[in-house]
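Turn these sequences into a full structure, and let the hints steer you where they fit.
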Amino acid sequence: MSTSTMTPRRPGRGKLVKTIPGMSHSQRLRAINGANPPGIPMRSVKGLVLLIACLLVILPFVAVISTSLADQAQINAAGGYVLFPERPTLAAYEAIFRGGVVTRATVVSIGVTLVGSALSVTVVTMLAFALARPGTFGHKPILLMVLFTMLFSAGMIPNYLLVKQLGLLDSYWALILPTLVSGFQVILMRGFFLEVPREIIDAARIDGAGEIRILTRIMVPLSKAALAVIALFTAVGYWNAFFNAVLYMSSAEKWPLQLVLRTYVVDNSSIGIDLPGEYIPPQQSLQMAILVVSLVPICLVYPFLQKHFAKGVVLGAVKG
Amino acid sequence: MAVTGLKQSERAGPVDTADGSSDRRRRVRRSPDLATKRRASLRDRLRRDRALLLLAVPGVLVVLLFHYVPLLGNVIAFKDYQPYLGILEAPWVGLENFAIIFNGDPYFLNALTNTLVISLVQILFVFPVPIAMALLLNSLLGERIKRVVQSILYLPHFMSWVIVVAIFQHMLGNAGLYNTWARHHDLFTVSIIGEPSLFIPLITSQIIWKDAGWGTIIFLAAISRVDLELYESVAVDGGGRLRQLWHVTLPAIRGVIILLLILRLGDALTVGFEQIFLQQGAVGLEASEVLDTYVYNRGIVGGNWGASAAVGLVKGLIGTALVLGANKVAHIFGERGVYSSKD
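Chains as they are written, first to last, in full-length UniProt numbering: chain A, 1 to 320; chain B, 1 to 343.
Here are the simulated PhoX-like pairs of lysine-lysine, each with C-alpha atoms no more than 25 Å apart in a straight line:
1. Lys328(B) with Lys140(A)
2. Lys164(A) with Lys254(A)
3. Lys146(B) with Lys307(A)
4. Lys46(A) with Lys146(B)
Partial selection, computed: residues in chain A whose CB lies under 10 Å from chain B:
5. Leu50
6. Cys54
7. Gly79
8. Thr125
9. Phe137
10. Gly138
11. Ile142
12. Thr149
13. Ala154
14. Val163
15. Lys164
16. Val181
17. Gly210
18. Leu291
19. Val301
20. Tyr302
Which chain A residues face chain B? A few, computed with CB under 10 Å, are given here:
21. Val49
22. Ala53
23. Ile58
24. Leu131
25. Phe148
26. Ser153
27. Met156
28. Asn159
29. Leu166
30. Leu177
31. Ser182
By construction, these hints were calculated from the structure, which means they are not laboratory data.
Where is the CB? At the ideal position from N, CA and C, for every residue including glycine.
Structure below.
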């Protein structure tokens, strides 16, 4: 493939470091332009544009979280949505986790995400490891087979018919198996394995280690960070997956959270959330609380992702 | 022992063929007994690599089952498939299913037109945003501010489309945050949600909101590789920031811009399926039907399996040809080709 023509210039390895070590790119740029600082008007315009961009991202999340914590009186006073909850209450969360539709959907989503990403990372790691040893039997055809999947997709109808033929309709496996292995993951992982020095592997083999031991004792520990990032990306993918559930899951009690979110929060359809006889929080709070529940796992892993993804994305773009 | 003596730089393809004759230079460097090892019989190589092969088996099976078997399923595009008959029993109908593409079916033409218009609008209005944002971010002096802004702007990329659409509806919908607030204060209201004529601006702004920040990464990476001496030269020659931007930064990221633009053109038939699917109910099919949703609505919902599989197949073939063509064009422009993944 095209990879042989690529010579990635790695940041931090070029001339940059040689000139002024220890300084960031923009610090160096500032040093160069020291005599020529940008004008105040220009700086304020730039700052304003970025401030507005950030507010456009942050404010909706603030409103969502605040409204999920608001009570009926405050929602009535605000006309629907709240930016700052005055008397925050967890009533909406208590209501959705009372054991109804949302509770079940959350459990389904967590289960699919955990099982799916664990399986996916295991299978992808094994395949990537096997493909990271050029010259072995079948290496080239298997690699081509994996690469080729990145070029086409069979289409929705054949995929649906396959899942149907396999008898997986309405089974949780339909949410896990079709997206278990993607060519992109395999190639990315393989790229990390290829960077492990050959000498280490040879040394281990001379010491009598078999392939599985080499994989678990050398490759995996050496590529821990890469594995973690791929695992997290996979998990986010499973957590966010929506359309496969539309296609394959017909019984509402097996729906993952994204589908409940769509029905109750996007389409405003009732899903029998409220239990009779008990205090029912305002609809907006309930809807926003479900939204928050679907946001929380992503926000939890976001700092880890962010630490690594720039590298991963750039690598992916270069190596893909 | 399975020491093959191959270098890390296995990407030079010919090395790992069994005969290896096309790579004489490497061959010479190899010690003689390794060279004979390479000529080991098929059975020996199988036995030698069996552990690796076993490790590959689950992945290979999944890839075959979920990426290659569905390809065979495309035969129903040439059949009159009915669920109760099954794929094998369905009668062959030749190219009958493909007629829908050529006989001016209004629903298909509507889907095709919408797809192309949305693609064009996105290339014009979405594509430049991350570039501008990257240049803006790069010109920010404080490293810490830059990092904070980046963390904020990248976040929406990790939200699912369901979340993004839900947020847009509850913020901008008729009963949403903005409109209730604006009515309360007698300000102008917006009615962009559920308005068929504004559907394209709506989905365009959603894409910008979700992915523009994320899109800056690749441009920022390209900018960070620029040799600072070039800026210095411009500064020494008396050029200001605009000249630096024009003569150094933009030429430096030109390659990435061209590459991504070509790849985007190659993806012209694919416009955000989940995003559009989620909002079809509110605006109706005329404004929002695109090729992918057409396949779903006509095939899986409407039971018109053969015809929609035919549309999906043609779309897939043209899409693959476009991506491959785009990659070729990228090579011609002297850029590294990228076989992009669909995510």
